[in-house]
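So the sequences go chain by chain: A and B. Number 282 in the UniProt record's numbering belongs to position 282 of the first sequence; there are no gaps in the numbering. Number 302 in the UniProt record's numbering belongs to position 302 of the second sequence; there are no gaps in the numbering.
I should point out that these hints are in silico values taken from the structure, not numbers from a laboratory. Given the structure is predicted, the values throughout are model-derived calculations rather than measurements. Watch out, some of these pointers could steer you wrong.
Pairs count within a copy or across copies, as identical chains cannot be separated in the list.
[Said to hold, decoys possible] The calculated lysine-lysine pairs, modelled on PhoX-like cross-linking and capped at a C-alpha distance of 20 Å, are:
1. Lys86 - Lys230
2. Lys152 - Lys86
3. Lys221 - Lys79
4. Lys221 - Lys8
Here is what each chain is made of, one letter per residue.
2 protein chains.
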Amino acid sequence: MDIRTSYKNNNYTISVANDILENKLKTWTEQYEDVFYLIDENVYALYKDTKLKNIHSPIVVTGGESFKYASPLMNTIEKLLELGIKRNSLIVVIGGGATGDAGGMIASLVLRGVDYIHIPTTLLAHDSAIGGKTAINSLHGKNLIGSFYRPKAVIYDLDFLYSLSNDEKLSGFGEVFKHALLLSEIEVESLMKVTKDSIEIKDLTEFIISGIKLKMDIVTKDEHESGSRKFLNLGHTLGHAIEYQYKIPHGQAVMLGILFSLYLSNEIYQQDFDLVKYYNFMAHHGYPVQLLQNMNEDDMIKLMQQDKKNHQGDLITFILFSDTNTLTLTDIKKSDLYDYLRRIKETL
Amino acid sequence: MDIRTSYKNNNYTISVANDILENKLKTWTEQYEDVFYLIDENVYALYKDTKLKNIHSPIVVTGGESFKYASPLMNTIEKLLELGIKRNSLIVVIGGGATGDAGGMIASLVLRGVDYIHIPTTLLAHDSAIGGKTAINSLHGKNLIGSFYRPKAVIYDLDFLYSLSNDEKLSGFGEVFKHALLLSEIEVESLMKVTKDSIEIKDLTEFIISGIKLKMDIVTKDEHESGSRKFLNLGHTLGHAIEYQYKIPHGQAVMLGILFSLYLSNEIYQQDFDLVKYYNFMAHHGYPVQLLQNMNEDDMIKLMQQDKKNHQGDLITFILFSDTNTLTLTDIKKSDLYDYLRRIKETL
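Next up, chain A with everything else stripped away, as it sits in the complex:
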């Protein structure tokens, strides 16, 4: 499946299917005199003799989130310059969301921007690879330093997903679930049915594609997140706080955050989300739902206030369903939020 963006200019294609890497990559690298590969060390170790065997002399970068800091970013830029990268070179970034975020930022900065393509290798990256945001982490929070810079292509070869650990799979599935929920009740019911017993990569293709399409539709209309793109942060307000405090994978924390958002939607907008059904689904698959019972209200509120997207004096912003299929940005006072956080513990 090829999905094409529809910006005014600088459009690109996201190809999603099994076993497409070799062919798709070839059509790109043939167009450039010099190609530089940035590959996550863990991905390279797993695939250097198979799917990545034709890639010679890659720059192997620190695995996962540890790459998203100023020092590895700058070292990699210097390395590319040392190797003689030019304005008409191509950078190929192979790895998960973190590798893509920092790799995209590197491409945007070296020589004031060279072309790059992204080859995501995780389920979570079906989310982060769409939308043209690049970033590294600051001492003061995640993704606070970055740019908007679009790749020339995204090649999403689903073969890579079969080597994911269960933790990574659960994390990526959190965003698949979020996209389904944003799309429609039917979509999320359908997803939960397919994954009722266990979450199998082979069953997810259609949901990955509809998730990518949904996200692309939203980010095309609102690239710089001044309006509807904010709705993609469903579950992220509490999610980021849980992620930070308990050091659990992003998408797993988002999953818990989604449950809290549904709870708030019921309380504030009289929706009737079946919390027990969602809770049991998450618990069955091994999401750390007990954190919702164990979290400390004060810690959570303090962390939510530090998040750049929620900051508005004494108010903290949540994405809620104010009606079926209608999302709303809702500001909640700290004191009310404290009560909600306390009461969800009794509800679950």
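Given chain A's structure and the hints, the job is docking chain B onto it.
Quick look at chain B alone, frame taken from chain A:
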């Protein structure tokens, strides 16, 4: 004089005049809830009790070129985040070209981009403040890491120029001279007449303005330097090599580079630039013209080959006059270039 850009969108105004800082700055800062000032330490020391007396708690940054490195860049970004900068904040950058280059890059990266305005304080910055290029230096060369990011406004208060050292004035005048030469023979004759005895800031206003207009006209048509923007590099091929090797100010090196370009235009395109006239003008004002006699050909060629803009196998690219008012990108073979570098020593 207010000069407005004419991009398709995100246009801004460059205001050029004496004593405009206070009023112009006020109309901008009033529009933002939070304003953060980044000020070159030398500029702040000179003006903190006069022109900058109303600015409280600025972030005072390392002076000049030493600010254009990864470490002070990242430290300043972290400082802004620590102080609670938001997406709707404004950054005001006060300093010369280097402060503007790194300050603009900081604004482009913090929270993926916040608004900024630039207040240039040097003559040289009449060049670098126009065109929306931001940059820091790499271990492998100048300006190799950066972005394209436009300010919301440039406020060029010419009062600042009166405190420039003679070295800085000569450097800035190099780019004023270049712009005049690019504009027309009449313009450069007129400039040389006005500055015949000495270069006085008060006499330069009209040339600064016509230089800014020329540069803006070119960069508007070719923001990302795929075509005519390259002509603004007149004198920079050898200029950058001299600057790097002999550690002299940018615009002074460019001035020597211009002389070499005029020499090459005479040799290759049978132009009749009066080299002796230009040489004497430069020597009279204290430009280090003796470097053109003393430079080592091999060193120069090696440095020119490392420059990202000249790189094309065995060829090195120069901007030359192929006819009066007609500029041409000309590739010169290393062996021929060696001869030209040797022979200009005999000619001067």
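Violated constraints from the hint list, given by number and in increasing order: Hint check: 3 fails alone, others pass.
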